[in-house]
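Given next are the chains, with one letter for each unit.
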Amino acid sequence: MSESIVRYSSRSRARAIKSFLSNLLGHAGAQLGLLCLVFFLVLSAVPNILVGPLETVATATGDFLVPPSSQHLLGTDEVGRDVLNLVVHGARISLTIALLATVISLVVGTTVGIIAGYYGGRVDVWLMRLTDFFFVMPSFVLALVITPVVLEVMGRGREILGFRPSLFVILVVIGITSWAFVARIVRSQTLSLKERTFIDRARVVGSSNLSIMVRHILPNLVPQIAANGALVVAGAIYVETSLSFLGLGDPLQPSWGTLLSLAQRAGAASTGAWWYLGAPGLCALAVSLSFVLVGNALDDTFNPRQRVIP
Amino acid sequence: MPDTSDILSLESLKVHFPIQGGLFDRVLGRSAGAVRAADGVDLNIGRGEIVALVGESGSGKTTVGRVITKLAQPTGGRLLFEGRDMTSAKGFSALRPYRRRVQMIFQDAYQALNPRHTVFDSVAEPLRSLRLVKNHAQLTERVSEALSAAGLNPPGDFFARFPHELSGGQRQRVVIAGALAVKPELIVADEPVSMLDVSIRAQILQVLVDLRAKHNMALLFITHDLPLAWLIADRIAVLYLGRLVEIGSADDITFNPRHPYTVALRNATPQIRSDASRFELPALQGEVPSAARVPKGCRFHPRCPLAFDRCKEEEPPAIEVGPQHMSACWLPTSGAKAELSTPNLKSADHGSV
Chain A
34 MSESIVRYSS RSRARAIKSF LSNLLGHAGA QLGLLCLVFF LVLSAVPNIL
84 VGPLETVATA TGDFLVPPSS QHLLGTDEVG RDVLNLVVHG ARISLTIALL
134 ATVISLVVGT TVGIIAGYYG GRVDVWLMRL TDFFFVMPSF VLALVITPVV
184 LEVMGRGREI LGFRPSLFVI LVVIGITSWA FVARIVRSQT LSLKERTFID
234 RARVVGSSNL SIMVRHILPN LVPQIAANGA LVVAGAIYVE TSLSFLGLGD
284 PLQPSWGTLL SLAQRAGAAS TGAWWYLGAP GLCALAVSLS FVLVGNALDD
334 TFNPRQRVIP
Chain B
34 MPDTSDILSL ESLKVHFPIQ GGLFDRVLGR SAGAVRAADG VDLNIGRGEI
84 VALVGESGSG KTTVGRVITK LAQPTGGRLL FEGRDMTSAK GFSALRPYRR
134 RVQMIFQDAY QALNPRHTVF DSVAEPLRSL RLVKNHAQLT ERVSEALSAA
184 GLNPPGDFFA RFPHELSGGQ RQRVVIAGAL AVKPELIVAD EPVSMLDVSI
234 RAQILQVLVD LRAKHNMALL FITHDLPLAW LIADRIAVLY LGRLVEIGSA
284 DDITFNPRHP YTVALRNATP QIRSDASRFE LPALQGEVPS AARVPKGCRF
334 HPRCPLAFDR CKEEEPPAIE VGPQHMSACW LPTSGAKAEL STPNLKSADH
384 GSV
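If you read the sequences in order, they're chains A and B. Each residue of the first sequence is one higher than the one before, counting from 34 in the numbering used here. Each residue of the second sequence is one higher than the one before, counting from 34 in the numbering used here.
No wet-lab data here; the hints were simulated from the structure. Every value quoted in this text rests on a predicted model; they were computed, and no experiment measured them. Quick reminder that beta carbons are idealized off the backbone N, C-alpha and C, glycines included. Wrong hints could be hidden among the right ones.
Beyond 10 Å from chain A on every Cβ pair, some chain B residues (computed) [as the list claims (entries may be wrong)]:
id	residue
1	47
2	57
3	73
4	121
5	249
Computed from the model, here is a short list of chain A residues facing chain B with C-beta under 7 Å [said to hold, decoys possible]:
id	residue
6	69
7	230
8	239
Same shape as in the complex, but just chain A:
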């Protein structure tokens, strides 16, 4: 008997997953986006195998600002480092920061949104005012203000969770400035879910509020969270690049934004070193565009009737 149950369940689940994937991949944008993301994830997973260890001034292999050639596919920078090498290593930093910041944003945003929507009343009012505060808080200013403080407190040399302190600050700043968006979406969805009869039933059968939120509301929010999570990653990459461009990044762990900043300082634009500016710039653009495409496709797939314009 139990055998038949397992078979039935796995078959129906496999069918559901299959139809979901075929729906998702029906969007041309999703195909393009996923392809692009897989490419960059491979780059950031094994940069050392692909292009060797990160080059520094001491280990630079080329001449200064050499245009792309067979030896340096993307040319070199102002100290002779291979731009391809820098960009591939930068992918790892940029993607890690963006994904971790998104995790912070989704966890905080979902928690605040569910609690505000579920309890309503005064809890809702106060949590939403808090959300409004974070909604309007400019991430640049916040990062500029707290980076020196963190550096002073932590010391420059130490690493936090494998990140240099300034990168860690960027990660946290992106996380705390982007959750408000998630919280609002989760709250609105919770407001409609909590009026559904199955929530009444859960109450009648004695479930606690926590269990209703975790076991009944959260699973029904997964589509919204997934679709908007992809959009949050895209935003995070953009903010990370901008903050690093302004000089908040770390030269020892260069992200794409840091490379753009170095290129700008080296006068890459005026000397015509288009490869130096173009490579990291296009990468950042491609990755955030891919996440937006995938996010929109997920949103369409989960909820074909309700388009959310990001």
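Go by the hints and put chain B onto chain A.
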């Protein structure tokens, strides 16, 4: 006959939902009034008794059910369970003992089941959250038992299914199984069959009637369908605009109604009869007034063909019109029983329901 000691009683239960006024009203501190969903309902349910609560939409019958299952908080009156006052009990842990004994069946079974939970999870949820089982083996056993009792056989075949893989009747059986798993003493069934095909209704009703026979479970059966109420219930209570207008045994209410509203309800019921002309149902005149503006005097008087002056001024109390039969109408006091068969309210033949 069922044991007659009351398991649950409502004493002049009131549920008023305040109306949010406009800015102008709020500045002036003026109340915009309230929707009186339940406005003084007195009702008791005996152990193992099936009571039907009948009324049209907007009469407050669902609200009464929600108060009993503690989904809505009354604004007045009392809710007594075995004589103990449960009116102000709050919080899931304080209510746990009550929930073990009072369960609910919902109207729309598809909405009542979480689309992302399997049948097993849905039926097991009350057992887990009410802490009725000690281990997984016991849980599986109780879930199987409940699914079989609700007519889903063999139960194992349904464990891993999701609500969207079931038919409407099967979904309602899952909801019933969830309520049964707890082995409650009272089930509030809010229109449990109104969303189902006529052919499946009888089976679901049979499940409910069997429960009473086997476990002496009491049932509050909320419905808008008078013949259905007569079929299943021992007693019928008729609700109009948040107040009981008539209560009595199922036969008395159906065949010897004393309140003009009950008479109208019965006459509005389509009947399959060879002699009746098909398109002449004596419909009630007018609309149900809004529960936010309950008429003065008897709340039925604007639509009542037999209303006289007293009805417009004074609200009638429940008057005993027979053994265990109460009617909130001034008519018996005016000695005008015969007038119940006016052209507007043709009295149908007895026994033809």
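Outcome of the hint check:
With a cut of 10 Å on Cβ distances, residue 47(B) stays outside the contact zone with chain A, its closest approach being about 21 Å. Listed as outside the interface, residue 57(B) is consistent with that label: its C-beta sits roughly 23 Å from the nearest C-beta of chain A, beyond the 10 Å cut-off. For residue 73(B), the requirement that its beta carbon stay farther than 10 Å from each beta carbon of chain A is met, with the minimum near 25 Å. For residue 121(B), the shortest C-beta to C-beta distance to chain A comes to about 17 Å, beyond the 10 Å cut-off, and the non-interface label holds.
No Cβ of chain A approaches the Cβ of residue 249(B) within 10 Å, the least distance being about 21 Å, so the stated non-interface status holds. Nearest Cβ of chain B to the Cβ of residue 69(A): about 31 Å, over the 7 Å cut. The hint is violated. A least Cβ separation of about 4 Å between residue 230(A) and chain B falls short of the 7 Å threshold, and the interface hint therefore holds. Given hint, residue 239(A) at the interface with chain B, holds; its Cβ is 4 Å from that chain's nearest Cβ, closer than 7 Å.
Hint compliance for this structure: hint 6 is the single one not met.
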